[in-house]
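According to the numbering used here, the sequence shown is numbered sequentially starting from 1.
Hints in this document: simulated from the structure, not taken from any laboratory.
The C-beta atom is built at its ideal place from N, Cα and C for all residues, glycine as well.
There could be a bad hint or two in this list.
[Said to hold, decoys possible] Estimated spans, in silico, between C-beta atoms of each pair: (1) E73 to E2: 39 to 45 Å; (2) R16 to D55: 39 to 45 Å; (3) G82 to T109: 39 to 45 Å; (4) Q94 to S122: 14 to 20 Å; (5) P61 to Y124: 26 to 32 Å; (6) S122 to R33: 23 to 29 Å; (7) L158 to Y124: 20 to 26 Å; (8) S91 to V168: 32 to 38 Å; (9) R103 to D149: 21 to 27 Å; (10) G17 to P147: 28 to 34 Å; (11) D28 to P147: 22 to 28 Å; (12) D28 to S122: 15 to 21 Å; (13) L66 to A173: 36 to 42 Å; (14) V69 to N26: 23 to 29 Å.
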Amino acid sequence: AEPNAGHRALVELQRRGVLHALVTQNVDGLHQRSGVADELVVEVHGTMWWTRCWDCQDRRPMAETLDRVRAGEEDPPCRGCGGILKSDTVSFGQALVPEVIDRALRAATECDVLLAVGSTLSVYPAAGCVPRASAAGARVVIVNGAPTDLDRMADVVLLGPIGELVPVLVAAATA
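Between the sequences and the hints, there should be enough to build the whole structure, so can you do that?
So, in structure tokens, the structure goes:
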């Protein structure tokens, strides 16, 4: 998959200095590949571009682990402790990282505008960013392909193709 016009429009918000955090449940790294700075992205469910050791928590690029597999290692162990490596994503049943969730909810509490894009807003605690931002006085804009359970909390709801709507929204907001 490649970043689309919606991803690139968010980069424009960063360029203008108004994007202070980008909370995502996606693990594909498309926001960073589109140009959003790593330090702004809060990856609630982790990322498929890194591996993490289950024992010592050592984190390395996935490409490094895949190179080891291609070189003949059937199931490469952690170089630091010999532990089991897995993609640095949160699997079903696995606990979310509390510090990541805290960062996401803090960003929601501190924002002036929360733009919820491409989410059903049904998976918590990430969906909790919407009521958190609203309660703190932020304007909430939801852009999605279909209605969400939290549309009633939004100041604006835009339904349709995200790759088309987000660029128009960003252009209007930054004009």
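- [ ] Determine whether the Cβ-Cβ distance between D28 and S122 falls within the hinted range of 15 to 21 Å.
- [x] The hinted range 15 to 21 Å holds for D28 and S122, with Cβ atoms some 20 Å apart.
Open item on the list: The hint says 21 to 27 Å between R103 and D149; measuring C-beta to C-beta, is that right?
Closed with: holds, 24 Å
Task: Hint check for P147 and G17 - Cβ pair distance inside 28 to 34 Å - done: holds, 32 Å
Open item on the list: If I claimed the Cβ atoms of G82 and T109 lie 39 to 45 Å apart, would that claim hold in this structure?
Closed with: Hint holds: Cβ distance 41 Å, inside 39 to 45 Å.
- [ ] Take a look at whether the Cβ-Cβ distance between L158 and Y124 falls inside 20 to 26 Å.
- [x] With a Cβ separation near 23 Å, L158 and Y124 satisfy 20 to 26 Å, so the hint holds.
Open item on the list: Quick check on a hinted range of 36 to 42 Å for L66 and A173, using CB atoms only.
Closed with: Holds, since L66 and A173 (Cβ atoms, about 40 Å apart) stay within the stated range.
Task: Outcome of range test on Cβ distance (R16, D55; 39 to 45 Å) - done: Between R16 and D55, where Cβ atoms are some 43 Å apart, the hint holds.
Task: Status of the given 26 to 32 Å range, CB of Y124 versus CB of P61 - done: holds, 30 Å
- [ ] Starting from the hint 14 to 20 Å, judge whether the C-beta atoms of Q94 and S122 obey it.
- [x] holds, 19 Å
Task: Verdict for S91, V168 (Cβ pair) under range 32 to 38 Å - done: holds, 36 Å
Open item on the list: Is 39 to 45 Å respected by the C-beta to C-beta distance linking E73 and E2?
Closed with: violated, 30 Å
- [ ] Evaluate the given range 23 to 29 Å for the C-beta pair formed by V69 and N26.
- [x] holds, 24 Å
Against the hints set out earlier in the document, a violation occurs for number 1 only.
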